[in-house]
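Chemist: The chain contents come next:
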Amino acid sequence: MKSLVQDRRAQFGVAVLGLAVVCALAAPLVSTGDPGAQRDIVATRFLPPLSTDLHGVVHPLGTDRFGRDVWTRLVYGARISLGVGTLAVLVSVAIGLVVGAIAGFSSGLVRALLLALTDFALALPRVVLLLLLAALWRPSAGLVVVVLGLTGWMSIARLVQGEVRSLAARPFVEGAAALGLRRARILARHILPNALTPVIVAAALGIGNAIMLEAGLSFLGLGVQPPVPSWGNMIASGRDTLLNAPWVATAPGVALVVIVVACTLLGDALQDALSPTSRSSR
Amino acid sequence: MLAALARRLAAGVAVVAGVATLTFFLLRLAPGDPVERLLGPTATAAQLAAQRQALGLDRPLPAQYAAWLARIARGEWGRSIASGRPVRAVLGEAWPATAALVGLSLLLSYLLGIAVGAVQAARGGTRLDTALSVSTVTLFALPGYWLGLMLVLVFTYRLRILPSFGAHGYDSDALAGLARMRDLMRHVALPLTTLTLVGIGGTARFVRGAMLDVRAAPFVTTALAKGLTAPRVWLHHVLRNALVPVVTLLGLSLPALFSGAVFVEAVFAWPGVGRILVEAVQARDYPVVMAATTVSAMLVVLGNLLADLLLGWVDPRVRHGERGRGNVEG
Numbered sequence: 001m002k003s004l005v006q007d008r009r010a011q012f013g014v015a016v017l018g019l020a021v022v023c024a025l026a027a028p029l030v031s032t033g034d035p036g037a038q039r040d041i042v043a044t045r046f047l048p049p050l051s052t053d054l055h056g057v058v059h060p061l062g063t064d065r066f067g068r069d070v071w072t073r074l075v076y077g078a079r080i081s082l083g084v085g086t087l088a089v090l091v092s093v094a095i096g097l098v099v100g101a102i103a104g105f106s107s108g109l110v111r112a113l114l115l116a117l118t119d120f121a122l123a124l125p126r127v128v129l130l131l132l133l134a135a136l137w138r139p140s141a142g143l144v145v146v147v148l149g150l151t152g153w154m155s156i157a158r159l160v161q162g163e164v165r166s167l168a169a170r171p172f173v174e175g176a177a178a179l180g181l182r183r184a185r186i187l188a189r190h191i192l193p194n195a196l197t198p199v200i201v202a203a204a205l206g207i208g209n210a211i212m213l214e215a216g217l218s219f220l221g222l223g224v225q226p227p228v229p230s231w232g233n234m235i236a237s238g239r240d241t242l243l244n245a246p247w248v249a250t251a252p253g254v255a256l257v258v259i260v261v262a263c264t265l266l267g268d269a270l271q272d273a274l275s276p277t278s279r280s281s282r
Numbered sequence: 283m284l285a286a287l288a289r290r291l292a293a294g295v296a297v298v299a300g301v302a303t304l305t306f307f308l309l310r311l312a313p314g315d316p317v318e319r320l321l322g323p324t325a326t327a328a329q330l331a332a333q334r335q336a337l338g339l340d341r342p343l344p345a346q347y348a349a350w351l352a353r354i355a356r357g358e359w360g361r362s363i364a365s366g367r368p369v370r371a372v373l374g375e376a377w378p379a380t381a382a383l384v385g386l387s388l389l390l391s392y393l394l395g396i397a398v399g400a401v402q403a404a405r406g407g408t409r410l411d412t413a414l415s416v417s418t419v420t421l422f423a424l425p426g427y428w429l430g431l432m433l434v435l436v437f438t439y440r441l442r443i444l445p446s447f448g449a450h451g452y453d454s455d456a457l458a459g460l461a462r463m464r465d466l467m468r469h470v471a472l473p474l475t476t477l478t479l480v481g482i483g484g485t486a487r488f489v490r491g492a493m494l495d496v497r498a499a500p501f502v503t504t505a506l507a508k509g510l511t512a513p514r515v516w517l518h519h520v521l522r523n524a525l526v527p528v529v530t531l532l533g534l535s536l537p538a539l540f541s542g543a544v545f546v547e548a549v550f551a552w553p554g555v556g557r558i559l560v561e562a563v564q565a566r567d568y569p570v571v572m573a574a575t576t577v578s579a580m581l582v583v584l585g586n587l588l589a590d591l592l593l594g595w596v597d598p599r600v601r602h603g604e605r606g607r608g609n610v611e612g
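Listed in order, the protein sequences are those of chains A and B.
Read the first sequence against our numbering and you will find it ends at 282, with the numbers running on by one and no gaps.
Read the second sequence against our numbering and you will find it ends at 612, with the numbers running on by one and no gaps.
Hints are supplied without guarantee of correctness; some may be wrong.
If you anchor each label on the Cβ, the simulated ranges turn out as follows [what the hints assert, rightly or not]:
hint	chain 1	residue 1	chain 2	residue 2	range
1	A	172	B	509	22 to 32 Å
2	A	25	B	355	51 to 61 Å
3	A	162	B	343	30 to 40 Å
4	B	443	A	60	24 to 34 Å
5	A	197	B	355	40 to 50 Å
Some residues of chain A that are not near chain B, with every Cβ distance over 10 Å (derived) [to be verified]:
hint	residue
6	3
7	15
8	21
9	28
10	34
11	37
12	55
13	107
14	110
15	111
16	120
17	133
18	159
19	190
20	194
21	199
Just so you know, these hints were derived from the structure itself, not from any lab.
A virtual CB, placed ideally from N, CA and C, is assigned to each residue, including glycine.
Turn these sequences into a full structure, and let the hints guide you.
Modeler: Quick look at the structure:
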């Protein structure tokens, strides 16, 4: 743990993510308070960053084509993007843990079937699946969580399966079985807690990926729908005004990159701290 | 080797069949059908029913599925409901564009990624390594569609030197030879750069890790102790062995790369399978969606098979059969 606290990548990751979460939670306090606020649309639209409109309101990141404050939409969009990303990863971790644990702890047909299912799902192009699933119901934030969760569990299931399998052969598991504990209890209380390390790392990396995909779906119009701001639909709407107001698409993109970098660095640092054998690698 | 390849081929066929089946049922579960979109909001119920009957969409799902399987077995992909064109023609135009874009960016991002990762590993812990690490993790975090927009902003809108739309200029039919080639290169530049830059990050990070893992192995110390020069050890001993997991990653990264291509094609209006897929899903154009997903699954499976063959070339242990069947090659 000590090495993790001193790790500059972990420091950066925690600082950035912490700041983003605080901004998202305290969105009404750090912004104009209404991501849909429009006063005089014609007079306040396309204001460049750091300008003051005729009502005396400062727009640190400028305004979009409807005169809405980009900074306000960014912090409210952070609620959606961070929330959806985190929930989606929780869904995939839950599915991955169940599938991986059962596959790793059972033998014969059950394992073979679950592993085949995992490999099959892993071989599907994820976006094809995302497009199809997203078309099934009316696009919404909840749908994005489900869709990303359903398409992101495979690598976690594989990791858990491998860990559980190797742990199940260890003497302490034999001991627990000799004590007469039920198999389900051995799996849940003795094996799974020891198999969580790679899951934590994969989850940290997965959150960045999920946030990126959420934005991608919203960018294609299949995710969070306007006027609710999400970073993806902000980039999509900024695309139309790229020529005269490039800041509208730039701001959410930069925020997205910074958050994903923070998640990746935190994941790297966790990986090194939790598994000393692979130190310095990756 | 041949037996393993046959097994992989069978698994690949199963994946493609599974993708097609899954797509078939998911698509028909989705609200809205192609007939509503084709005939528009003013169509009467009778007109809708007649058109559905004409397209066979009023029959029960299992019957429709069986009919689709029978048609595919005969090699009939059907016609697009939205445009009326044969699906074969629609995809025949699209898949080379996607394969070219994905293939070229795969090649470039792996060559550059391996180079960057190797330099980082060889200079591990130095300022150069740190600087490159910061760069690669940033590239890794870039969403392709946003990077694409930023490149359009700089190269199309500000510098005005590269086009950002489609694969050809409006006058490309009138061009010949070199001029036509130049037109294509100019159009491919931005989408290719976008996909390649995003790909370099992940590859370089992986190569650096793999090389540092190999660097710690005893045989590398032995090689250095024998007096071999450092560049020789890095190239022939470390890099060569680090390439084994890298080639495995190559196969695994294909679905992700194809996914990235879907977004990038949407941004640059690149006339590939991804763009057709997005449009067809929105229009519920069943035959086109089915064909586009099947083709994309086939591209991914074929890529994985190629990666397997490449693995045999990189790693002789794979070529000769891992399970120690002596020195019988095959």
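Chemist: Against this structure, judge whether each hint is valid.
Modeler: Hint check results:
Distance hint check for residue 172 of chain A and residue 509 of chain B: the Cβ-Cβ separation is about 47 Å, which falls outside the suggested range of 22 to 32 Å. Taking 51 to 61 Å as the suggested C-beta distance range, the pair residue 25 of chain A and residue 355 of chain B conforms, at roughly 57 Å. Checked against the given bound of 30 to 40 Å, the beta carbons of residue 162 of chain A and residue 343 of chain B, roughly 38 Å apart, stay inside it. The hinted window of 24 to 34 Å between residue 443 of chain B and residue 60 of chain A holds, with their beta carbons roughly 32 Å apart.
Take residue 197 of chain A and residue 355 of chain B: their Cβ atoms lie about 48 Å apart, and the range 40 to 50 Å holds. Every C-beta of chain B lies more than 10 Å from that of residue 3 of chain A, the closest at about 16 Å, which supports listing it as non-interface. For residue 15 of chain A, the non-interface assignment is confirmed: its Cβ lies about 16 Å from the closest Cβ of chain B, beyond the 10 Å cut-off. A cut-off of 10 Å between C-beta atoms confirms that residue 21 of chain A is not in contact with chain B; the least separation is 18 Å.
Distance to chain B confirms residue 28 of chain A as a non-interface residue, since its nearest Cβ pair spans about 27 Å, more than 10 Å. Separation of residue 34 of chain A from chain B is adequate, the least Cβ-Cβ distance of about 26 Å exceeding the 10 Å criterion. Taking the minimum C-beta to C-beta distance to chain B, about 25 Å, the non-interface status of residue 37 of chain A holds against the 10 Å cut. Residue-level check passed: residue 55 of chain A sits 29 Å from the nearest beta carbon of chain B, beyond 10 Å.
Here residue 107 of chain A stays apart from chain B, with its beta-carbon at least about 21 Å from theirs, past the 10 Å limit. With 10 Å as the threshold on Cβ separation, the claim that residue 110 of chain A sits away from chain B holds: the shortest Cβ distance comes to roughly 19 Å. Listed as outside the interface, residue 111 of chain A is consistent with that label: its C-beta sits roughly 17 Å from the nearest C-beta of chain B, beyond the 10 Å cut-off. The non-interface label for residue 120 of chain A is inconsistent with chain B: the shortest C-beta to C-beta separation is roughly 6 Å, within 10 Å.
For residue 133 of chain A, the requirement that its beta carbon stay farther than 10 Å from each beta carbon of chain B is not met, with the minimum near 7 Å. Here residue 159 of chain A stays apart from chain B, with its beta-carbon at least about 14 Å from theirs, past the 10 Å limit. With 10 Å as the threshold on Cβ separation, the claim that residue 190 of chain A sits away from chain B holds: the shortest Cβ distance comes to roughly 30 Å. In this structure residue 194 of chain A is separated from chain B by more than 10 Å, as the shortest Cβ-Cβ distance comes to about 23 Å.
At the 10 Å boundary, the C-beta of residue 199 of chain A stays outside the reach of chain B, the nearest C-beta of that chain being 19 Å off.
Going down the numbered hints, you'll see the structure goes against 1, 16 and 17, while the others check out.
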